[in-house]
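Q: Below, each chain spelled out in residue letters.
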Amino acid sequence: MLTINSVVKKFRRGSHVVHALGPVDLKIQQGEFVTVLGPSGCGKTTLLHMLGGFETPTSGSVEIHGQPITKPSRKLGMVFQEATLFPWKTVLQNIAWPIEQTGKSRAEALDQATAYLDKVGLHRFGKAYPMELSGGMRQRAALARTLAMQPEVLLMDEPFGALDAPTREEMQEELMRMWQASGLTVVFITHDITESIFLGDRVVVLGGKPGTVMEDCRIDLPRPRTAATKSDPKVLEYRAHLWDLIRRASAA
Amino acid sequence: MKPNLANERQRLWGVTFGFVALLLILWELASRREAAPAYFLGPLAILGTAAERLLHGEVLGQTVRSASRAYAGFLIGGAVGVALGLLSGVSRTVRDLFDVSQAFVHAIPKISLFPAVAVWLGFSDASRILIIALSCFFPAYLNAMSGAMGINPRYLWLSRNNEIGPVRTFFQVVLPASLPRTLVGLRISLMVAFILMVATEVVGHSDGLGSVVMLAYQDGDYRQMYAGILMIALAGYFSNLVLERLAVRLCRGQNMEFGG
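As given, the protein sequences belong to chains A and B, one line each in that order. FYI, the numbering for the first sequence is 1 to 252, going by the working numbering. FYI, the numbering for the second sequence is 1001 to 1260, going by the working numbering.
Looking at chain A on its own, in the form it has when it is part of the complex (with noise of 0.2 Å):
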């Protein structure tokens, strides 16, 4: 379980202090898929970050089963926007590198890396290097990279927000028939409110300067989820709502 206590983050620009986020109280249950949706700059990656250890709060406190969490650890699994690979290593050994950094062979780390490589399509591609790949294979590379760490939590920045439109819906999918059999909790950042809809079990919308949590959104969309949710009434009726939300947020 993930607990956010009061985190307050500010920065220091130069001579004067912005403050970027917070107060924000959150809980994200063991096996929850949480998607936070807020415009750009209200502060959503830096919580994503604190989350990852890889930032600390300036007052306040991010906890994983009540233990605070100060620095970065393969518990919590960090998938970049851009995918982040190893250029000079192939699609294989990037997937296998996680796993030889716990002591294992190269031979066994190559051998287990293969299994996660099969799990996000990528089989026939393990010997190619990144630069072969187009950007939605070589997400699910990295995104398999990261599997590989066997993490608890996967703290995801906007994965999809540079792929094409139809490339993204894809891997959206395929993200979700992947979590639906993991039993992993996922916090997803993204400014899809589609996206933030499809993916999530709750929506948690963050707005404002400093950025603060507006709404903490239950989506009842039956799960399994697959492209027919897509189009499923329920659906509009929550964008529509979200879309007001973000409006009124923007505004403000």
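Keep in mind that the hints were calculated from the coordinates and are not lab data. It is possible that some hints are incorrect.
[To be verified] Derived pair list, reagent style EDC-like, types lysine to aspartate or glutamate, alpha-carbon separation capped at 20 Å:
hint, chain 1, residue 1, chain 2, residue 2
1, A, Lys27, A, Glu215
2, A, Lys119, A, Glu108
3, A, Lys119, A, Glu100
4, A, Lys27, A, Glu63
5, A, Lys75, B, Glu1163
6, A, Lys230, A, Glu173
7, A, Lys234, A, Asp244
8, A, Lys104, B, Glu1163
9, A, Lys71, B, Glu1163
[Claimed, not checked] Just the calculated beta-carbon pair ranges, DEER-fashion:
hint, chain 1, residue 1, chain 2, residue 2, range
10, A, Gly161, B, Phe1098, 36 to 42 Å
11, A, Arg247, B, Phe1098, 50 to 56 Å
12, A, Glu108, B, Val1119, 57 to 63 Å
13, B, Gln1010, A, Asp164, 32 to 38 Å
14, A, Asp164, B, Ile1025, 52 to 58 Å
15, B, Leu1097, A, Gly31, 49 to 55 Å
All figures in this text were calculated on a predicted structure; none of them were measured in a lab. The C-beta atom is built at its ideal place from N, Cα and C for all residues, glycine as well.
Position chain B against the provided structure of chain A, taking the given hints into account.
A: Just chain B now, with coordinates in the frame of chain A:
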């Protein structure tokens, strides 16, 4: 896409070799004119002499001596340069430590330090290798540093996410990520090594290709002089070729051009 690339390459070789052949023919013809002075040798004459002296062993021996100095200096200077450069790239403290001294020594043409070094070590192999190493240090250092400073900061986050310590991160992430830029620096260092090799061999009592060329000039033996120059060019060319091939292999997957 691939066959196209091969065609392109073939066409390129045609153009390159055609141009070189044309230059060589014009040169040869010019050297055979009645009016050509005795010191104006054609490529065939130079090649003939080089082949003949090479067979008799003396030029080959000198080439080996020269090349071993150049390589020794290159390896020492390059290795130290790359190591310190990468460390300076990742650590502000190391960078600040070397910044002023590095910039100051960099501005000195290293050959001008040769007499000063010779005061200690004489005009010996040790002093020559030291001067070559010092010259090779700078391109290696500066490029490795800029390579390490320019790596994607997310790579380091990735490393932290995997709970990897600084030493492992250095060897598994920083080193390979900076490699393309580092190798560009090493290729400059290699060429600098050959320049300083010759420069240190024409000064003081020495052997090696630099002194072969200089002595031949003093004796008016122009065939020998050109044979020496040809060997310097060949040694440099093939050394560069080997390093270039190595660079392309090591940087597979990293989008980097290694032209020239």
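Q: Hint by hint, work out which the structure violates, then give me just those numbers in ascending order.
A: Violated hints: none at all, because every hint is consistent with the structure.
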